[in-house]
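Chain B: place on chain A using the hints.
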Amino acid sequence: MTLVSFKDAIWPDFEQRPQITLYETVQGSHPIWTVQQLIADTLAYACAIAAANPDGAIPPVPAAPIFLDATVEALETCRAPLTHYTGTTLRAAAQPGAGWRWWDLRATKEGWEYDATTTGHLQERRLATARVRKPPSSRPSAERPRLAPAAPHRLHPPLTFWMNFSATSIPAWDNYFP
Amino acid sequence: MVVVGGSVAIGFASGGASSSYYFLEWLQWRYPSASIARVVLAQGGTDSFYFAAHLERLPRNADLVIVDYLTNDLGILDGDTTPHIMRAVAEKIVRAALALPLRPAVVLVALFRTIALTTRQHFAFQDIARPTARTRAHRIVKIKHARRSTRHSPRPTM
Numbered sequence: 001m002t003l004v005s006f007k008d009a010i011w012p013d014f015e016q017r018p019q020i021t022l023y024e025t026v027q028g029s030h031p032i033w034t035v036q037q038l039i040a041d042t043l044a045y046a047c048a049i050a051a052a053n054p055d056g057a058i059p060p061v062p063a064a065p066i067f068l069d070a071t072v073e074a075l076e077t078c079r080a081p082l083t084h085y086t087g088t089t090l091r092a093a094a095q096p097g098a099g100w101r102w103w104d105l106r107a108t109k110e111g112w113e114y115d116a117t118t119t120g121h122l123q124e125r126r127l128a129t130a131r132v133r134k135p136p137s138s139r140p141s142a143e144r145p146r147l148a149p150a151a152p153h154r155l156h157p158p159l160t161f162w163m164n165f166s167a168t169s170i171p172a173w174d175n176y177f178p
Numbered sequence: 179m180v181v182v183g184g185s186v187a188i189g190f191a192s193g194g195a196s197s198s199y200y201f202l203e204w205l206q207w208r209y210p211s212a213s214i215a216r217v218v219l220a221q222g223g224t225d226s227f228y229f230a231a232h233l234e235r236l237p238r239n240a241d242l243v244i245v246d247y248l249t250n251d252l253g254i255l256d257g258d259t260t261p262h263i264m265r266a267v268a269e270k271i272v273r274a275a276l277a278l279p280l281r282p283a284v285v286l287v288a289l290f291r292t293i294a295l296t297t298r299q300h301f302a303f304q305d306i307a308r309p310t311a312r313t314r315a316h317r318i319v320k321i322k323h324a325r326r327s328t329r330h331s332p333r334p335t336m
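Chains as they are written, first to last, in our numbering: chain A, 1 to 178; chain B, 179 to 336.
If we strip away everything but chain A, and leave its shape as in the complex, we get (with noise of 0.2 Å):
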């Protein structure tokens, strides 16, 4: 495995803040061309060092994670896609409920967005509060049962906060899991 890193090339000490121009971003933090080709740069050069000093034999995977969280652990990974939205199919239809609000102040991000404040217990209203909403399974995958697709309006509203997912097919894969 091997960790790009832009902090120890160009910023290594707080302190000693970089030119700027080193990472010209627009929009955001989205860095321009030259930025993305200086990361294939990089890319291609692990690419060669990789080539040039074979590992050998390639170590097992751990068997147990390093950084373990319950919270992390509880996560889920879906199994089939329950929802397909794009932002323009959802611009059309009506406010999924109360507490919701349309949210556009970035071109690509638009959506349905749900102000998780107004129930008393959440304080972020971004993706990563799904994971503290998602209960976790005590009993193995294969007992558990299958999530119907629901209709829009009935989704947890923390899971479907961000609703910019593709309408692309998305491949079965059950053996990640051991």
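Since the hints were made in silico from the structure, they are not lab data.
The model shown is predicted, which means the values in this text are computed figures rather than measured ones.
Each hint should be verified, as a subset may be incorrect.
Covered stretches of chain A, as calculated for chain B (at least 3 residues, CB under 8 Å) [to be verified]:
1. 30 to 39
2. 46 to 52
Here are the in silico distance ranges between beta carbons for each label pair [unchecked claim]:
3. B/D241 to A/A70: 11 to 21 Å
4. A/Q19 to B/P279: 36 to 46 Å
5. A/Q16 to B/P210: 41 to 51 Å
6. B/T297 to A/L68: 22 to 32 Å
7. A/R101 to B/R281: 44 to 54 Å
Calculated Cβ distances over 12 Å to all of chain A for the following chain B residues [unchecked claim]:
8. P210
9. S211
10. S213
Glycine residues also receive a C-beta, built at the ideal position from the N, C-alpha and C atoms.
Structure of chain B alone, referenced to chain A:
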């Protein structure tokens, strides 16, 4: 080649293409007889938590998986997300990729946010992937060593 990540990974607003596209060009130039496919699973606005819940999307025949979520992962720092949780979720993605049948190489691309807007907290948070990379025993490549290795055609290219 499989690419997962957010808008940076798809080259959004770059005025050109994405890093994986340029890298693919280099691979095709370096290995002209090889047939190389690039599968872009990256989606704008998503972070590691999103993909950690969609690991089934990783193709089973991947030889190389590029993970580029750090820019968006930094964006959820203002909530109750801790560096420990982020390391755990980043590792979950890495473990899923490493466990694919062809035992693919995995590359973590760690790209910080806009310099002017980066706080000390963001700065410290940028290292969430480093422990995972170190414990998986492999190498850290610095961009400053890699200049001009892929520039063999005019830019920008869409």
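Tested hints:
A count of 10 residues in the stretch 30 to 39 of chain A with a Cβ less than 8 Å from any Cβ of chain B is obtained; the coverage claim is therefore met, three being the minimum. Given as covered by chain B, the stretch 46 to 52 of chain A passes the check, having 5 residues with a CB less than 8 Å from a CB of that chain where 3 are the minimum. Against the hinted window of 11 to 21 Å, the Cβ-Cβ separation of B/D241 and A/A70 comes to about 33 Å, which falls outside the hint. At roughly 45 Å, the beta carbons of A/Q19 and B/P279 sit within the given window of 36 to 46 Å.
Between A/Q16 and B/P210 the CB atoms are about 43 Å apart, so this pair conforms to the stated range of 41 to 51 Å. For the pair B/T297 and A/L68, the beta carbons lie near 28 Å from each other, so the given range of 22 to 32 Å is met. In this structure the hint that A/R101 and B/R281 lie 44 to 54 Å apart at CB holds, the actual value being about 46 Å. Every C-beta of chain A lies more than 12 Å from that of B/P210, the closest at about 15 Å, which supports listing it as non-interface.
Interface exclusion of B/S211 from chain A stands, the closest Cβ pair being 16 Å apart, more than 12 Å. Distance check on B/S213: its Cβ is at least 17 Å (rounded) from any Cβ of chain A, clearing the 12 Å threshold; non-interface status holds.
Checked against the numbered hints listed earlier, the structure breaks hint 3 alone; every other hint is satisfied.
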